[in-house]
Amino acid sequence: MQSIVSISNLSKTYAGGHHALKDVTLDIAPGEILALLGPNGAGKTTLISIICGIVKASSGSVTVGGHDIVTDYRATRSMIGLVPQELTLGAFDTVWNTLCFSRGLFGKKPNPEHLERLLRDLSLWGKKDSELMTLSGGMKRRVLIGKALSHEPSVLFLDEPTAGVDVELRKDMWALVRRLRESGVTIILTTHYIEEAEAIADRVGVINDGELLLVDDKLALMHKLGKRQLIAELEQAVDSVPDALAHWSLDLSADGSRLTYTYDPHNTHTGISGLLQAIREAGMVLKDLRTTQSSLEEIFVNLVKSK
Amino acid sequence: MNTYAVRVIYKYEMLRAWETLLQSFASPVLSTSLYFVVFGSAIGSRIEQIEGVSYGSFIVPGLMMLALLTQSISNASFGIYFPKFTGTIYEVMSAPVSFFEILLGYVGAAATKSLLIGLIILATAGFFVPLEVAHPVWMMGFLVLTCISFSLFGFIIGLWADNFEKLQLIPLLVITPLVFLGGSFYSVSMLPPAWQTVTLFNPVVYLISGFRWSFFEVSDVSVGLSLSMVLMFLAACLLVVWWMFKTGYRLKQ
Numbered sequence: 001m002q003s004i005v006s007i008s009n010l011s012k013t014y015a016g017g018h019h020a021l022k023d024v025t026l027d028i029a030p031g032e033i034l035a036l037l038g039p040n041g042a043g044k045t046t047l048i049s050i051i052c053g054i055v056k057a058s059s060g061s062v063t064v065g066g067h068d069i070v071t072d073y074r075a076t077r078s079m080i081g082l083v084p085q086e087l088t089l090g091a092f093d094t095v096w097n098t099l100c101f102s103r104g105l106f107g108k109k110p111n112p113e114h115l116e117r118l119l120r121d122l123s124l125w126g127k128k129d130s131e132l133m134t135l136s137g138g139m140k141r142r143v144l145i146g147k148a149l150s151h152e153p154s155v156l157f158l159d160e161p162t163a164g165v166d167v168e169l170r171k172d173m174w175a176l177v178r179r180l181r182e183s184g185v186t187i188i189l190t191t192h193y194i195e196e197a198e199a200i201a202d203r204v205g206v207i208n209d210g211e212l213l214l215v216d217d218k219l220a221l222m223h224k225l226g227k228r229q230l231i232a233e234l235e236q237a238v239d240s241v242p243d244a245l246a247h248w249s250l251d252l253s254a255d256g257s258r259l260t261y262t263y264d265p266h267n268t269h270t271g272i273s274g275l276l277q278a279i280r281e282a283g284m285v286l287k288d289l290r291t292t293q294s295s296l297e298e299i300f301v302n303l304v305k306s307k
Numbered sequence: 308m309n310t311y312a313v314r315v316i317y318k319y320e321m322l323r324a325w326e327t328l329l330q331s332f333a334s335p336v337l338s339t340s341l342y343f344v345v346f347g348s349a350i351g352s353r354i355e356q357i358e359g360v361s362y363g364s365f366i367v368p369g370l371m372m373l374a375l376l377t378q379s380i381s382n383a384s385f386g387i388y389f390p391k392f393t394g395t396i397y398e399v400m401s402a403p404v405s406f407f408e409i410l411l412g413y414v415g416a417a418a419t420k421s422l423l424i425g426l427i428i429l430a431t432a433g434f435f436v437p438l439e440v441a442h443p444v445w446m447m448g449f450l451v452l453t454c455i456s457f458s459l460f461g462f463i464i465g466l467w468a469d470n471f472e473k474l475q476l477i478p479l480l481v482i483t484p485l486v487f488l489g490g491s492f493y494s495v496s497m498l499p500p501a502w503q504t505v506t507l508f509n510p511v512v513y514l515i516s517g518f519r520w521s522f523f524e525v526s527d528v529s530v531g532l533s534l535s536m537v538l539m540f541l542a543a544c545l546l547v548v549w550w551m552f553k554t555g556y557r558l559k560q
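Which chain is which? The protein sequence lines are A and B, in order.
Residue numbers for the first sequence follow the working numbering, so the first one is 1 and each next one is one higher.
Residue numbers for the second sequence follow the working numbering, so the first one is 308 and each next one is one higher.
It is possible that part of the hints are untrue.
No more than 20 Å apart at the CA atoms, straight line, and that leaves these computed lysine to aspartate or glutamate pairs for DMTMM-like [said to hold, decoys possible]:
| no. | chain 1 | residue 1 | chain 2 | residue 2 |
| --- | --- | --- | --- | --- |
| 1 | B | Lys553 | A | Asp72 |
| 2 | A | Lys128 | B | Asp469 |
| 3 | B | Lys391 | A | Glu152 |
| 4 | B | Lys553 | B | Asp469 |
| 5 | B | Lys391 | B | Glu524 |
| 6 | B | Lys559 | A | Asp255 |
| 7 | A | Lys287 | A | Asp239 |
| 8 | A | Lys140 | A | Glu182 |
| 9 | B | Lys559 | A | Asp121 |
| 10 | A | Lys108 | A | Glu152 |
| 11 | B | Lys553 | A | Asp68 |
| 12 | A | Lys287 | A | Asp264 |
| 13 | B | Lys559 | A | Asp243 |
| 14 | A | Lys140 | A | Asp121 |
| 15 | B | Lys318 | A | Asp68 |
| 16 | A | Lys171 | A | Glu198 |
| 17 | B | Lys318 | A | Asp255 |
The hints are simulated quantities; they were obtained by calculation from the structure and are not laboratory data.
All of these numbers come straight from a predicted model, not from anything done at the bench.
Could you put together the complete structure from these sequences and hints?
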């Protein structure tokens, strides 16, 4: 399938010398939700800003829908909606006026029915005549989403969409993102909330210090890099791991009451049966037994740390 | 051409002026009326006619230019600076609009507001002094060209400024003195010869002179020269704005 957004060898060095993006290459399929994970200053916003035309690339190229973002900017920008990280809204405009402004700015003729539908979807219809400065932070965030969707874009960039948003609204936004994807909109979101990527993304890209470390299907990523641990709680604490169990490279907790075995769940032989037998033979009595799966967060932290 | 974008920018800017009606229209009219009272009536009654024109009437074109220049610059500079300041400029920068369309929207609205203010001041002047316009088409031509040129200049200031102080710097420290020293309240011929020569380096002299000619057929320099100077200023401003958009100066990193 042809990519809707194609980024080739994109680099950006700011005037001060900061190398914000380093040779980034990425293809995004139509209709997918891609989450770009990365710590602050990783280059996520720079990447989005270049695609949207706000920042100039130092080298490399980007196409959206097959159109180059520089030579055919009208075509690419018409397809893109952007929800910025900051709550950047004019204080004295009304919700309705600001949406009308956004739609016109992107070259679309007025369509009150579409805007009404949008405001109802965002639970903002009752506030359509309110001045923006009177709205809460969560409402302003929704207004920004409404503005970005006012011209019916096929690609939506959400830059930290749930930063500073309460849990309930965050879940509402995730639901909205899923609904948009169902309507065929491609969504690229940046976040440092791992659970956000885990909850809604199809693919996850990890970016750090301007480099795209990896991009993979979310489940495949967890499958490939996710570790599982077997945690055995002992009836009686021990001073050290018995020699008979040395084969399994166990970790003993500081108080000596818990043994942790890390294994790859995809191996044919995980070694769990042998370990349990060896524990019994060593005369140790188990109080409890449980397993844990490493989260996307751990994978992300490990990836960033390893670079 | 993205005409919808031009329309919404223009409408948004005009709406802003409408919502701040007192600040946008009443304030310049009031201050100009005060000039008429002080210079036209109080002082003007003690001054002889200048080149056959009563002093009160003589200062009308200069006062209109003073208001036009300051209003064009402040309207246009604030119009583009404020979205930069609040961060909402991201939307314009990420929209499918060309620099010419952005200019049409912002500068068009600023020039329209200044033009309206100019016409309101002209009407207000009629209450204080007898007025007749010898060349109405030329008068409108100078009026429109001045509004567009100085709105463009204001737009440049708005793009250049990165704080509110800079936004006020050029209008207060450059434009206002140039207008006052550009023959708003006197004829250049009334100055000593040396100062007459110095004054000719002031570009506003040409604007006021040409504008005054369209009213009373009296001028300090030829009307052709005045028109050329306005057109040159317009071309220079267009060139600077084009360069600013091309390089992304203070807009794109």
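Worksheet item: What hint numbers does the structure not satisfy?
Response: 2, 3, 5, 6, 8, 9, 12, 13, 15 and 17
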